[in-house]
Amino acid sequence: DTGVSQDPRHKITKRGQNVTFRCDPISEHNRLYWYRQTLGQGPEFLTYFQNEAQLEKSRLLSDRFSAERPKGSFSTLEIQRTEQGDSAMYLCASSLASGQGNYGYTFGSGTRLTVV
Amino acid sequence: AQSVAQPEDQVNVAEGNPLTVKCTYSVSGNPYLFWYVQYPNRGLQFLLKYITGDNLVKGSYGFEAEFNKSQTSFHLKKPSALVSDSALYFCAVKGQGMRFGAGTRLTVKP
Chain A
44 DTGVSQDPRH
54 KITKRGQNVT
64 FRCDPISEHN
74 RLYWYRQTLG
84 QGPEFLTYFQ
94 NEAQLEKSRL
104 LSDRFSAERP
114 KGSFSTLEIQ
124 RTEQGDSAMY
134 LCASSLASGQ
144 GNYGYTFGSG
154 TRLTVV
Chain B
10 AQSVAQPEDQ
20 VNVAEGNPLT
30 VKCTYSVSGN
40 PYLFWYVQYP
50 NRGLQFLLKY
60 ITGDNLVKGS
70 YGFEAEFNKS
80 QTSFHLKKPS
90 ALVSDSALYF
100 CAVKGQGMRF
110 GAGTRLTVKP
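Chains A and B, in that order, are what the protein sequence lines are. Using this note's numbering, the letters of the first sequence map in sequence onto residues 44 to 159. Using this note's numbering, the letters of the second sequence map in sequence onto residues 10 to 119.
Derived from the structure by calculation, the hints contain no laboratory data. The beta-carbon is built from N, C-alpha and C at its ideal position, and this holds for glycine as well. Some hints here could point you the wrong way.
Claimed, not checked - For each label pair, taking beta carbons as the anchor points, the in silico distance ranges come out as: (1) 123(A) with 23(B): 45 to 51 Å; (2) 100(A) with 23(B): 43 to 49 Å; (3) 70(B) with 48(A): 19 to 25 Å; (4) 62(B) with 56(A): 44 to 50 Å; (5) 77(B) with 139(A): 24 to 30 Å; (6) 18(B) with 100(A): 25 to 31 Å; (7) 70(B) with 105(A): 16 to 22 Å; (8) 139(A) with 14(B): 25 to 31 Å; (9) 53(A) with 64(B): 39 to 45 Å; (10) 123(A) with 26(B): 28 to 34 Å; (11) 60(B) with 115(A): 37 to 43 Å.
Said to hold, decoys possible - Listed next, the stretches of chain B that the computed footprint assigns to chain A, with coverage defined by at least 3 CB atoms under 8 Å from CB atoms of chain A: (12) 24-37; (13) 52-66.
Build the full structure now, drawing on both the sequences and the hints.
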């Protein structure tokens, strides 16, 4: 297990379609995070999980967005009825919980979504 | 709420010169501060972190950062810049989820 994997790397979809992205974290990491990054901006926090529990959701995460981590391992992020404004890079990261001494995140390479 | 600010969108330095990328923070309690680097079409890579202890933190690729509590700053530094250091640099502060600054594009010219 060499890092955080995201699939697909690129996704082009038509407006109104649903898309789903997958993230496989580092296996021993119990926390998993989703971020969105648009060109020239820093990553914006969307949501995070500790094991299978979704502990925080940003106000950026509209009702069209849903994330799951059913078995506390991989996670999926679904966007329903995509809009052109959803075009961005979606980044996943994983980490140990803070109390376990490792505060840094390991990021995946991201999924670039283009809505046309 | 935890937040960081990066006052410079762009920093240009000549190869071999020292570089500084600025970051200021606003937190309640003790800050957990980080620097990440992003190369084109890549995810973010961890450079260094300040949790507690020495104010000068050393990280990857010869980078270091100085934590200054009185100025609420955490500037990234390198004594001698390389062309390969050209990238986007993000300062971040840890809350429930890591909060990032808007980023500073560093360009090192030969």
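Cross-check of the supplied hints:
no.: 1; hint: 123(A) with 23(B): 45 to 51 Å; verdict: holds, 50 Å
no.: 2; hint: 100(A) with 23(B): 43 to 49 Å; verdict: holds, 45 Å
no.: 3; hint: 70(B) with 48(A): 19 to 25 Å; verdict: holds, 24 Å
no.: 4; hint: 62(B) with 56(A): 44 to 50 Å; verdict: holds, 47 Å
no.: 5; hint: 77(B) with 139(A): 24 to 30 Å; verdict: holds, 28 Å
no.: 6; hint: 18(B) with 100(A): 25 to 31 Å; verdict: holds, 29 Å
no.: 7; hint: 70(B) with 105(A): 16 to 22 Å; verdict: violated, 38 Å
no.: 8; hint: 139(A) with 14(B): 25 to 31 Å; verdict: holds, 28 Å
no.: 9; hint: 53(A) with 64(B): 39 to 45 Å; verdict: holds, 42 Å
no.: 10; hint: 123(A) with 26(B): 28 to 34 Å; verdict: violated, 50 Å
no.: 11; hint: 60(B) with 115(A): 37 to 43 Å; verdict: violated, 26 Å
no.: 12; hint: 24-37; verdict: violated (count 0)
no.: 13; hint: 52-66; verdict: holds (count 6)
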